[in-house]
Amino acid sequence: MSRSTSRAAGDLTQHTSRLVGYALVAIFLMALDQRGQYLDRFHQAVRHLTEPVLLAIEAPIRWAGAGSDWLRSTQALLQQNEDLTETVRQQQAAALSLDALVEENKELRALLGLDAAAEQEFITARVISVDLNPFSHRVVIDRGQRHGIVTGLAVVDQGGLVGQVDTVTALTASVILITDPDHALPVRVARTADVTLAYGGGLDNDLSLPDLPMNMDLVIGDELITSGLGGVFPPGLPVARIEAIDRPEGQSFAVASATPFGQHDRSRFVMVVKEQRQTPEPATETDEPSEADPLQVDSPETAPADGGEQSTESAVSGNG
Amino acid sequence: MAERQFSDQTLMIISLVVAFVLTLIPQPELIRPIWPFWVAMVMIYWALEGNRLRHLGQAFVIGLLLDVFTGSLLGQHALSLLVISFLLERFRNQLRFFPPWQQAAAVMALLLNDRVLQLWVVIVGNEPWPPLLWWTAPLVGMVLWPWLFLALDALRQKRRLPA
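Protein sequence lines, in the order shown, are assigned to chains A and B. Sequential numbering from 0 applies to the first sequence in numbering that gives the first Met the number 0. Sequential numbering from 0 applies to the second sequence in numbering that gives the first Met the number 0.
It is worth saying that the hints were derived from the structure and are not from the lab. Some clues are possibly wrong.
Beyond 12 Å from chain A on every Cβ pair, some chain B residues (computed) [stated by the list, open to error]: (1) Ser6; (2) Met11; (3) Arg31; (4) Glu48; (5) Gly56; (6) Phe59; (7) Ala77; (8) Ser79; (9) Phe97; (10) Ala103; (11) Leu111; (12) Pro127; (13) Trp128.
Computed Cβ-Cβ distance ranges for the label pairs, DEER-style [to be verified]: (14) Leu70(A) <-> Pro130(B): 45 to 53 Å; (15) Ile30(B) <-> Leu100(A): 19 to 27 Å; (16) Val123(B) <-> Ala58(A): 14 to 22 Å; (17) Ala58(A) <-> Trp100(B): 22 to 30 Å.
Note that this is a predicted model, so its numbers are computed, not measured. Virtual Cβ for every residue (Gly too), placed ideally from N, Cα, C.
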């Protein structure tokens with residue numbers, strides 16, 4: 000690594016050894032990055048530096064978009080306005096009946112002694128059209144810490160679940176998409192209520208369900224929703240539709256692939272789902288041990304009751 | 000002389016910044032897979048013609064910066080620019096005196112080799128194979144190379160005149 004030597008023409012071995020040295024560092028970094036959380040803090044720190052640059056690159060494009068809006072004819076805008084008003088009217092009518100259902104649901108939950116379902120708040124965000132590496136399965140949105148975004152929130156678009164907030168900076172946040180191969184999503188089959196995991200399919204823009212029981216009741220066209228298990232995603236968000244099921248001979252698990260409803264690559268606006276839990280819930284479907292009932296818990300032995308329920312549920316999913 | 004050195008340096012930084020912007024700028028879905036590796040092409044130009052960016056360390060740092068900005072696996076672009084830089088240095092004497100079309104072909108070979116390397120990273124990283132169109136980016140790079148070469152050369156000539 001002697002920098003002072005002016006490299007002679009035949010100094011190939013030194014050059015090669017330096018290549019090997021640097022390459023090892025690069026491969027080591029990639030391995031660290033691939034294997035989980037070692038570099039998270041670094042990524043978080045570095046995002047603060049890249050944020051202004053990404054915003055600066057995107058600004059002219061945004062202005063161009065605003066400019067073309069400006070140039071559009073009044074006629075087209077009026078037409079659009081009319082269409083949108085009509086849509087709002089219809090959706091308001093639909094929302095009215097939903098409100099009644101929400102009320103009814105609350106009352107029923109109260110009767111059954113369940114705690115109230117978490118209230119959801121949606122934060123609308125624009126996808127910053129900066130082109131990241133296609134293998135990174137991330138998009139950047141223009142809402143950050145200042146707008147109340149925190150790591151782990153679910154991100155949806157008009158179709159369904161898109162991803163999950165990963166790193167957050169002051170004005171932007173990066174969203175890891177559910178199509179990332181490292182992303183595992185607890186889902187439920189809407190028709191049968193079976194629960195399983197959906198992994199990202201990578202570049203193919205689909206999801207793969209690689210560990211289904213052979214005899215699981217699943218047909219093409221079945222819809223997947225988030226199960227809410229694990230406590231990261233709120234339950235009931237539409238996720239994907241089953242496209243293909245393969246039950247390979249001699250294998251122990253069936254494999255299915257699904258197409259997400261969310262169109263992260265085409266949607267310009269997404270919504271971040273912010274849950275407001277009213278009570279620290281004792282026995283809902285989250286994995287965390289409850290902290291709400293310190294009086295009841297006199298010894299750790301009470302924990303298995305809770306855990307046993309969990310394991311039976313997963314056993315049901317495992318055996319189909 | 001010092002004047003010229005300075006402006007060459009400035010031009011190099013500007014061209015790298017432009018290459019970064021070109022990499023990050025939003026592209027229509029159609030041309031995204033064939034979008035060339037701008038940063039590598041600019042680096043090749045400066046290493047061959049400008050007698051700059053010839054150190055492996057420089058290639059490594061530029062690659063890391065690119066990884067950070069594109070949200071790639073940390074080290075992915077660093078590794079690919081390292082290998083390009085190494086091969087450039089190894090065959091510098093031949094590459095420099097190639098006629099333009101042959102040089103463009105050599106650049107394509109470098110970029111193609113880089114794609115193979117990236118494919119290896121992608122597959123080790125548990126990603127599926129990229130689409131076939133992804134392999135055409137080096138070809139696009141080859142077509143663009145003479146123009147990039149001429150443009151940067153012209154800019155340098157212009158800067159050289161007042162000195």
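For each hint, the structure was consulted:
The beta carbon of Ser6(B) is kept farther than 12 Å from every beta carbon of chain A, the shortest such distance being approximately 24 Å. Residue-level check passed: Met11(B) sits 19 Å from the nearest beta carbon of chain A, beyond 12 Å. For Arg31(B), the condition that its CB be more than 12 Å from all CB atoms of chain A is violated, with the nearest at approximately 7 Å. With a least beta-carbon separation of about 18 Å from chain A, Glu48(B) lies farther than 12 Å from that chain, consistent with its non-interface assignment.
Listed as a non-interface residue, Gly56(B) fails to keep its Cβ farther than 12 Å from every Cβ of chain A; the least gap is roughly 7 Å. A beta-carbon of chain A comes within 12 Å of the beta-carbon of Phe59(B); the shortest separation is about 5 Å. Ala77(B), annotated as away from the interface, has a beta carbon of chain A within 12 Å; the closest lies near 5 Å. Not every Cβ of chain A is farther than 12 Å from the Cβ of Ser79(B); the closest lies at roughly 9 Å, contradicting the non-interface assignment.
No beta-carbon of chain A is positioned within 12 Å of the beta-carbon of Phe97(B); the least distance is around 18 Å. Even its closest Cβ contact with chain A, about 25 Å, leaves Ala103(B) beyond 12 Å, as expected for a residue assigned away from the interface. Every Cβ of chain A is farther than 12 Å from the Cβ of Leu111(B); the closest lies at roughly 18 Å, confirming the non-interface assignment. Listed as a non-interface residue, Pro127(B) fails to keep its Cβ farther than 12 Å from every Cβ of chain A; the least gap is roughly 4 Å.
The Cβ of Trp128(B) sits about 8 Å from the closest Cβ of chain A, inside the 12 Å cut-off, so the non-interface label is violated. Taking the beta carbon of each, Leu70(A) and Pro130(B) are about 36 Å apart, not inside 45 to 53 Å as hinted. Restraint check, Ile30(B) to Leu100(A): a C-beta distance of roughly 47 Å breaks the suggested window 19 to 27 Å. For Val123(B) paired with Ala58(A), a C-beta distance near 37 Å fails the hint of 14 to 22 Å.
The hinted range of 22 to 30 Å is not satisfied by Ala58(A) and Trp100(B), whose Cβ atoms lie roughly 39 Å apart.
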